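**Q** Residue-level listing of the chains:
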Amino acid sequence: MSEKKATRVAYGEALVELGKDNDKIVVLDADLASATMTNMFRKAFPDRHFEVGIAEANLVTIANGMSTMGLIPFASTFAVFAGRCFEQIRNSVCYPHNNVKLAFTHAGLTVGEDGGSHQAIEDVALMRVLPGMTVICPADANETLKAVKAAVEIDGPVYLRLARLPTAVFEDMPFTVGKGHVMREGKDGVIFTYGTMVEVSLDAAKLLSEKGMEVAVINMATIKPLDEDIINTYAAKCGKVFTVEEHNVIGGLGDAVGSVLAGRGTFVFKKIGVEDRFGQSGKPMDVLREYGLCADQVAEQILAAK
Amino acid sequence: MTIQQLEATCKQVRRDIINMTADAGSGHPGGSLSATEILVALYFEKMNVDPQNPKAPQRDRLVMSKGHATPGLYAVLGRRGFFSPDLFPTFRQIHSPLQGHPDMKKCPGVDASTGSLGQGASIAAGMALGAKHMGNPCHVYALLGDGECQEGLIWEASMAATHYKLDNLTFILDHNGLQIDGSNSEVMCLGDIHAKFEAFGFRVIAVDDGNDITKVLDALNQPAAEGKPTCIICRTVKGKGISFMENQSGWHGKAPNNEQREQALKELEA
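Protein sequences, first through last, are from chains A and V. Reminder that position 234 of the first sequence reads as 233 in numbering that gives the first Met the number 0, one-by-one numbering, no gaps. Reminder that position 243 of the second sequence reads as 242 in numbering that gives the first Met the number 0, one-by-one numbering, no gaps.
By construction, these hints were calculated from the structure, which means they are not laboratory data. Just so we're clear, the structure is a prediction, and the values are computed from it rather than from any experiment. Treat the hints with caution; some may be incorrect.
[Stated by the list, open to error] If you want the ones that stay clear, here's a sample from chain A, every Cβ over 12 angstroms from chain V, calculated: (1) Lys-19; (2) Ser-33; (3) Phe-49; (4) Ala-54; (5) Asn-63; (6) Pro-95; (7) Val-99; (8) Glu-112; (9) Glu-121; (10) Ile-153; (11) Gly-177; (12) Glu-209; (13) Met-212; (14) Asp-275; (15) Ala-304.
[What the hints assert, rightly or not] Mimicking DSS-like on lysine-lysine, the simulated pairs with C-alpha atoms at most 25 angstroms apart in a straight line are: (16) V:Lys-164 to A:Lys-23; (17) V:Lys-253 to A:Lys-42; (18) V:Lys-164 to V:Lys-131; (19) A:Lys-19 to A:Lys-186; (20) A:Lys-145 to A:Lys-23; (21) A:Lys-223 to V:Lys-10; (22) A:Lys-42 to V:Lys-164; (23) A:Lys-210 to A:Lys-178; (24) V:Lys-131 to V:Lys-253; (25) A:Lys-205 to A:Lys-223; (26) A:Lys-210 to A:Lys-186; (27) V:Lys-104 to A:Lys-23; (28) A:Lys-23 to V:Lys-131; (29) V:Lys-131 to A:Lys-19; (30) V:Lys-10 to V:Lys-227; (31) A:Lys-223 to A:Lys-148; (32) A:Lys-42 to A:Lys-205; (33) V:Lys-253 to A:Lys-23; (34) V:Lys-265 to V:Lys-253.
By construction, the Cβ of each residue, glycine as well, lies at the ideal position given by its N, Cα and C atoms.
All chains should be built: construct the whole structure from the sequences, respecting the hints.
**A** The structure is reproduced here in structure tokens:
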């Protein structure tokens, strides 16, 4: 592992790299370009970056209008505002299946100090219920570059969930839309996870291994369409199924995995995430600890699951 | 077309609106009838469109922001040749391209999927911005309802339209004064709507009778104001042309029964 990097930074870099070869890529912001890191794109291609001001509903709807002209707009703001422009995303973008990319940053509790009003714990739930929406949450900088590339190639709406907190950069991080990726093999249990929680889950798996429990860790970067095959295969093989996410346990990957497995056998199944509460201010790691999402806490919950 | 031909087309469109809503047993005749002259003026005179090539990149666009007025839109698109008027009786029926609200992926000639009020203005602003960016010479029109101007997104879009100097964008306000729960002023007063658009930086053109196609065309034919979007405010009559529907908010979203259909069609023959 090399130096840590936030996926939002990798997103900014990816836009600049992809923007060089594809002049249809345009970027829109609602006064947060220096936080969503699209300011890198703005610097490189000033005439392809558009500010709409502090107006998130207008952000996604203008982007939608631009997509109908043949452009590939990336609209960026904070993930917590996914709810604010939800109905525009539903009716203007997803209903006609238009080619709009929503790359929303500062998702989850690891926003930290800004507190519960700014920590999106429901955006995955909102986005995955929309027909035709692809939902991707990359775990590291390398996967982010691949995810942004994939988003450009998809002809339709894509939601990219990105983080503010710098996290580990993995040397090998293959990415294919709709495929889970095995980060660690195991036979005694399996963790399905994504985003910032991939690193946490791998650390938890190490702790569990020291106690004699070998747990597989699978990166489900694409939350929709969901890789049902890998879920069925590893659930059957491991018997104990866990989901770990920086999101409400209601409506996130946990519920998606649970829906796949419902009626398919008898498994130990536990959703690990935010237990239906809002976040709060604190240093990112202090907030994660308060909500039980540090590696040792995840390992404990897995050991205790029956 | 001559003015007489355009007026005859308006009459045909009104018959289509009555038949379409009566056949479907649902739909929105009131706001379709108020917007008839505006839609006919756009599609039969003003807009650069080719029904044989409805996706031509440089065509002019119309975003039907008041998306519920589909009977009027479909009547005009059908009579203009985007699809056969034989489809009119399928309006609002299962598998029809003529959905209750406009669907750009199902119906030829529909430039944007709309129906959720406020969004069409913003979609149109995005189209006009995209067109400018790409050097596409097309003009983008958005047909707005007056009740719709109570949506905040109309004003977010208006601010952006001025900021980006979108002189390739024209909002047309079908100002019939009525909405579902009553008059605009009873439900949520629009205040001085002319002054509001002007304050947002639009060149505003007032049309005192938006059901007079000559006056609508005169407004549409004014050259673009350089560096400014235009808003044409057309004073119209909801339910125009049908005596018992005129100025009645109750005909916003109600279909005529067969007896009312016959009476309406009789009035349209005269």
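**Q** Against the structure shown, which of the earlier numbered hints fail to hold, in ascending order?
**A** Hints 3, 4, 5, 6, 7, 17, 19, 21, 23, 24, 25, 30, 32 and 33 not satisfied by this model.
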